[in-house]
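Trainee: Residue numbers (my numbering), protein chains in the order written: chain B, 1 to 325; chain S, 1 to 530; chain V, 1 to 276.
Because the hints were derived from the structure by calculation, they are not lab data.
Just so you know, not all the hints are guaranteed correct.
Claimed, not checked - Covered by chain S, per the in silico footprint, the following chain V stretches (three or more residues, Cβ under 8 Å):
{"hint": "1", "segment": "38 to 51"}
{"hint": "2", "segment": "208 to 222"}
{"hint": "3", "segment": "234 to 241"}
Said to hold, decoys possible - Partial pick of chain S residues on the chain V-facing surface, computed with a CB cut under 10 Å:
{"hint": "4", "residue": "A240"}
{"hint": "5", "residue": "P257"}
{"hint": "6", "residue": "S316"}
{"hint": "7", "residue": "F345"}
{"hint": "8", "residue": "S374"}
{"hint": "9", "residue": "Q388"}
For every residue, glycine included, the Cβ atom is placed at its ideal position computed from N, Cα and C.
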Amino acid sequence: MRILRLVLRRLSLSIPCLGIILAVLFFLLQLAPGDAVDALIGQMGTSDDTLSKLLRSYYGLDGSVVAQFTGYLGRLVTLDLGLSVAYGTPVLALILERLPVTVVLMVTSMAMAFTAGCVVGVIAARYVHRWPDTIISVLGMLVYSMPSFWFGLMAIVLFAVTLGWLPAGGISDLRAGHTGLALMLDMAKHLVMPALTLGLIFFAVYLRVMRTAMLEVMTLDFMRTARAKGLQERAVLFRHALRNALLPMVTIAGLQASSMLGGAVVVESVFSLPGLGRLAQEAVVQRDLNMLLGITVMSSVLVIVVNLVIDIIYAKLDPRIDVGA
Amino acid sequence: MTDLHVTRRAALVAGAGLAFNGAPLHAQDAPRRGGTVTVQVATDPRFLMPALRGNFSITNLAAKVVEPLVDLGEDGQPQGRLATSWDSTPDGLAITFRLRDGVKWHDGKPFTAADVQFSAMEMWRRVQNYGTIVFRNLVAVDTPDPLTAIFRFSKPMPLRLMLHAGTELSYVAPRHLYEGTDFFANPVNMAPIGTGPFRFVNYTAGQHVIVERNPDYWDAGKPYLDRIITRFIADPAGAAAAVESGAVDMSIFSSLPRTDLVRLSREARFRVSQKGNEANSIGNTLCFNHRKPELQDVRVRRAFAHAIDVNFYVRSFLLGLGKRGLGLQPSFSEFFFPGLTDYPFDARKAEALLDEAGFRRGQGGIRMTLRMTSTNGDDAVRFATFVQQSLARVGVRITITTYDSAGYLANVMRDWNFDLTGETIGFRNDPQISTTVFLRSGQPRGVPWSNQWGWESPAMDALIDAAAEAVDPDRRRALYRDLGEMVMQELPMWLAIEQVYTSVTAVKLRNDHNNPRWTGSHWSDLWIAA
Amino acid sequence: MRALRRYASSSAALIGLVLLLMVIGMAVSAGWLFPDDPLSLAGAPLTPPFTEEGLPLGTDSVGRDIAAQIFHGARVSLLVGVVATGIAIGIGILVGAVSGYFGGATDAALMRLTEAFQTVPSFILLLMLVVIFGSEVTTLALVIGAVSWTAPARLTRAEFLTLRSRDFVQSCRTLGMPHARIIFLEILPSALPPVIVYVSVVMALAILQESALAFLGLSDPNIASWGNLIGDGRRVLRSAWYVAALPGLAIIVTVLAISLVGQGVNDLLNPRLGRR
Numbered sequence: 001m002r003i004l005r006l007v008l009r010r011l012s013l014s015i016p017c018l019g020i021i022l023a024v025l026f027f028l029l030q031l032a033p034g035d036a037v038d039a040l041i042g043q044m045g046t047s048d049d050t051l052s053k054l055l056r057s058y059y060g061l062d063g064s065v066v067a068q069f070t071g072y073l074g075r076l077v078t079l080d081l082g083l084s085v086a087y088g089t090p091v092l093a094l095i096l097e098r099l100p101v102t103v104v105l106m107v108t109s110m111a112m113a114f115t116a117g118c119v120v121g122v123i124a125a126r127y128v129h130r131w132p133d134t135i136i137s138v139l140g141m142l143v144y145s146m147p148s149f150w151f152g153l154m155a156i157v158l159f160a161v162t163l164g165w166l167p168a169g170g171i172s173d174l175r176a177g178h179t180g181l182a183l184m185l186d187m188a189k190h191l192v193m194p195a196l197t198l199g200l201i202f203f204a205v206y207l208r209v210m211r212t213a214m215l216e217v218m219t220l221d222f223m224r225t226a227r228a229k230g231l232q233e234r235a236v237l238f239r240h241a242l243r244n245a246l247l248p249m250v251t252i253a254g255l256q257a258s259s260m261l262g263g264a265v266v267v268e269s270v271f272s273l274p275g276l277g278r279l280a281q282e283a284v285v286q287r288d289l290n291m292l293l294g295i296t297v298m299s300s301v302l303v304i305v306v307n308l309v310i311d312i313i314y315a316k317l318d319p320r321i322d323v324g325a
Numbered sequence: 001m002t003d004l005h006v007t008r009r010a011a012l013v014a015g016a017g018l019a020f021n022g023a024p025l026h027a028q029d030a031p032r033r034g035g036t037v038t039v040q041v042a043t044d045p046r047f048l049m050p051a052l053r054g055n056f057s058i059t060n061l062a063a064k065v066v067e068p069l070v071d072l073g074e075d076g077q078p079q080g081r082l083a084t085s086w087d088s089t090p091d092g093l094a095i096t097f098r099l100r101d102g103v104k105w106h107d108g109k110p111f112t113a114a115d116v117q118f119s120a121m122e123m124w125r126r127v128q129n130y131g132t133i134v135f136r137n138l139v140a141v142d143t144p145d146p147l148t149a150i151f152r153f154s155k156p157m158p159l160r161l162m163l164h165a166g167t168e169l170s171y172v173a174p175r176h177l178y179e180g181t182d183f184f185a186n187p188v189n190m191a192p193i194g195t196g197p198f199r200f201v202n203y204t205a206g207q208h209v210i211v212e213r214n215p216d217y218w219d220a221g222k223p224y225l226d227r228i229i230t231r232f233i234a235d236p237a238g239a240a241a242a243v244e245s246g247a248v249d250m251s252i253f254s255s256l257p258r259t260d261l262v263r264l265s266r267e268a269r270f271r272v273s274q275k276g277n278e279a280n281s282i283g284n285t286l287c288f289n290h291r292k293p294e295l296q297d298v299r300v301r302r303a304f305a306h307a308i309d310v311n312f313y314v315r316s317f318l319l320g321l322g323k324r325g326l327g328l329q330p331s332f333s334e335f336f337f338p339g340l341t342d343y344p345f346d347a348r349k350a351e352a353l354l355d356e357a358g359f360r361r362g363q364g365g366i367r368m369t370l371r372m373t374s375t376n377g378d379d380a381v382r383f384a385t386f387v388q389q390s391l392a393r394v395g396v397r398i399t400i401t402t403y404d405s406a407g408y409l410a411n412v413m414r415d416w417n418f419d420l421t422g423e424t425i426g427f428r429n430d431p432q433i434s435t436t437v438f439l440r441s442g443q444p445r446g447v448p449w450s451n452q453w454g455w456e457s458p459a460m461d462a463l464i465d466a467a468a469e470a471v472d473p474d475r476r477r478a479l480y481r482d483l484g485e486m487v488m489q490e491l492p493m494w495l496a497i498e499q500v501y502t503s504v505t506a507v508k509l510r511n512d513h514n515n516p517r518w519t520g521s522h523w524s525d526l527w528i529a530a
Numbered sequence: 001m002r003a004l005r006r007y008a009s010s011s012a013a014l015i016g017l018v019l020l021l022m023v024i025g026m027a028v029s030a031g032w033l034f035p036d037d038p039l040s041l042a043g044a045p046l047t048p049p050f051t052e053e054g055l056p057l058g059t060d061s062v063g064r065d066i067a068a069q070i071f072h073g074a075r076v077s078l079l080v081g082v083v084a085t086g087i088a089i090g091i092g093i094l095v096g097a098v099s100g101y102f103g104g105a106t107d108a109a110l111m112r113l114t115e116a117f118q119t120v121p122s123f124i125l126l127l128m129l130v131v132i133f134g135s136e137v138t139t140l141a142l143v144i145g146a147v148s149w150t151a152p153a154r155l156t157r158a159e160f161l162t163l164r165s166r167d168f169v170q171s172c173r174t175l176g177m178p179h180a181r182i183i184f185l186e187i188l189p190s191a192l193p194p195v196i197v198y199v200s201v202v203m204a205l206a207i208l209q210e211s212a213l214a215f216l217g218l219s220d221p222n223i224a225s226w227g228n229l230i231g232d233g234r235r236v237l238r239s240a241w242y243v244a245a246l247p248g249l250a251i252i253v254t255v256l257a258i259s260l261v262g263q264g265v266n267d268l269l270n271p272r273l274g275r276r
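Chain B on its own, in the form it takes in the complex (with noise of 0.2 Å):
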């Protein structure tokens, strides 16, 4: 029942939220110089005066902009997303083709980052102004510097240009032909890379909240009493501290989701991977309005999910915290 609250709580905050976006992207593109037409002609190489009229009507360029962006909602009421300009194929198509790449990508390096981040931060917290921490903060300093796409660009030349142990680019190895069990081992390797690259940003973030989240957490009064009571020194950071100092780390993992995909664009162009990311830089190159509309929908979407995912662990974390109210 409570979740249920929070699941309608947050979907009636979402909707206006996403009704501002579309209109601002709607009318955002409209202002771009050319449009989706003058795009496809640009990769056809030529055209003419009634070849460019005949495919502004085709794909419905021609009718006042109010008019195509209350048709394109009224679509999207029905869940139609519409055509792609420049692929000729449904969005939806299109969009859900591309999103396994980017949602493993991301998941896997928010996993990665968060996992990281946790220990590393406690480890710090633990050792608190002695080397290990220091280390640890210029490391995290450092890998927060750094831009990522610099990042993968020097991991390729190490990783797979020198030492060759891992692919350069792409997401699998189409030639070998797997299946299976192969071909999920082939993605994963494929993977490594872009997700470390990926991970790297959000993990100097994470470290340095948990290790502050520690830090309070360990001075709070009801770690002194653990430790009064004569409780190990780790059992009091693994059962104690670490539960408490969990919940920023949620926060900003919630936070982060969206800027997670913007992060996506640099890194699947970096490694050449069909995922979400490219196809939004795409769609804005390509003046692809409902493709570019449809990325948006879909990543508010995940946007949300997430958001709507971390409260439940923020419950189920803290149950003092009523989210519903």
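Place chains S and V on chain B using the hints.
Mentor: Relative to the frame of chain B, chains S and V by itself:
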């Protein structure tokens, strides 16, 4: 003729000091059947039906599945694919194609003249880009029997133009799958059904296209390969990694960084060559907005040409993979004419011409400030930067504005919002297909890659029109020579550089790059040596 | 003075300051050390670092001096960083202050807007804005600022929410002081410290975003920027990795310096929390 050009190219390559591994091997031993070839290209054309859209990046993929009436043979001359022979009436108003017998579509239906008629009348003439220009005067296609198609024109159509345009534009689509449908929404566009040596298997947007052997191909015994996988890898460094690691067997259309092309050319595992791409070359041009008073003076345009050291650019920026341009067509073309007026690099002469035109160096040594508009592609920006640097030395300040392709088209072609642009022209075997449209006046505003420069010359228009309808090959050639000279005199635009695409091929492949537009050809004779 | 001494007592903050001054020094001295256009040709393409006199860091794929580009690029990065941050903090404070001060429907509306902006990946929004408004360097700085205001807005709002019920605010209201005056002159000064700390984060992100845009080929081609250089280096990664590596290091140093200084300022303003 081909030999002559090969020699010239060899000299060019040798002169640039690149260790190219020479021409592909055409092994004498018997072809081996089987195997998969993986090819890398940079762009996903997002469309796979060349009958509806004329584009290199589409034919590179789809010409294995869908076939044209004619292609180019090893000698660079037209060679029948779906057509077996052709001839033209002396007045050039009718061109007859005899079609190949016993050809079947991949779905089992027979191929007939009705397919050709439908493709020509409904697709090429009406909605195929380039086709709408070349087949503008096509009034009917008669089909007296299932294996004959007679193309009737309202104005004379030179046979050469028809055949050479045909290699890029005469792809035949299955009438029974398109008739009565909405062409742009037809699923066959993305899953083509043709008559070619390979059948379409799968297209995954942004990733790959897979085609497999057509066992019922009309050329019995071919193709040799089982499968062709074409992967889209846009990042040049990523593509280089794929080639080097052996993940792909071939990279076409200059998709690797030039430094990598040069480096790989020294490795025994690869052949790095421009052979097989000659008919698909491109040119970097400097186009002027003739509405701009400063640029109306021909001395200014000539000064710009003198100020830019093209040979240096080719050597240092293109690493020798290119050549100084002249006239309107690349040196491979039979419409290339050596000895036209030219403007060799001479900065002092450029300054003198600018002085003479009344643009003296003013404050800060600057004569004038112009805006150069460019697409944001690597090559275009590099060329724009070089123009900027070169003109700065003679006192002309250039600011570069870049747009993506939609923004470029809107700004340059529709809004005429530019002073200079570095336009890339793709050559398509005949000046009438995509070149003269850059110079002919009277183009409607907004038509991309046409004369949006504000250039108007009745004398030039007359030459262009005469050549377009000149049925006699010699006369046609003479007219294009005159046009080339007039262009070099007046410089409405300047073809600074010609570039032929470069392919990297694993040495185990045989029969690759054996015609001048091989990448966009059928590949039915390609095989892998053990 | 005491604050300065306290700042200097942290070695990390001190190192940050030194690094930042170094980067500023590069930007200032660029015109003097490398008076020529950094985009002009200086030597043979892909000259490796430390091999030729006059070209200490070698040349890029078309023969432009890498050292000159890195020095001149410092100007671009700092310019983009400062301008974008100014805009982001400005919009953020305005939205956050109005939202937190008035509360109610105003707050709800502004927060929906903020959420909307946070739901769209800001980098995708940035790509759109660059396509629309062009990639001239000042435009870049403006649009990067325009997509980075949400976090400062939320911070400011949170501060205002706690401060607006304080006695001094209440008394201002009873005195009939105009809202703008209460917001900017009475509450803002007390609300500012956490926002100021956040400046370093915004600036670091702005610099990273400019470089990412340049990497995708969307930066200003008329200027030498670190991102442009990395984008160029990407093409020659397999034969000359240093072209991409060197400007990357410059970015790291700059962002690191800004973060360290930000941390130092943070410690100064919030001594209770200790080092973060």
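Trainee: Given as covered by chain S, does the segment 38 to 51 of chain V meet the bar of three residues or more with CB within less than 8 Å?
Mentor: Held - the segment 38 to 51 of chain V has 6 residues with a Cβ nearer than 8 Å to chain S, which meets the minimum of three.
Trainee: Within the segment 234 to 241 of chain V, is the number of residues with a Cβ closer than 8 Å to a Cβ of chain S three or more?
Mentor: holds (count 7)
Trainee: Test coverage of the segment 208 to 222 of chain V by chain S using CB-CB distances below 8 Å; three residues minimum.
Mentor: holds (count 4)
Trainee: Using the nearest Cβ pair, does S374 (chain S) come within less than 10 Å of chain V?
Mentor: holds, 8 Å
Trainee: Minimum Cβ distance from A240 (chain S) to chain V below 10 Å?
Mentor: It holds, given that the least Cβ distance between A240 (chain S) and chain V is near 5 Å, below 10 Å.
Trainee: Does S316 (chain S) pass the interface check with chain V, least Cβ-Cβ distance below 10 Å?
Mentor: holds, 6 Å
Trainee: Should the hint that F345 (chain S) touches chain V count as held when the rule is a Cβ pair under 10 Å?
Mentor: Violated: closest Cβ of chain V sits about 14 Å from F345 (chain S), beyond 10 Å.
Trainee: Identify whether the interface hint at Q388 (chain S) stands, where standing means a beta carbon of chain V within less than 10 Å of its own.
Mentor: holds, 8 Å
Trainee: Hey, does the P257 (chain S) contact hint survive, CB to chain V under 10 Å?
Mentor: holds, 4 Å
Against the hints set out earlier in the document, a violation occurs for number 7 only.
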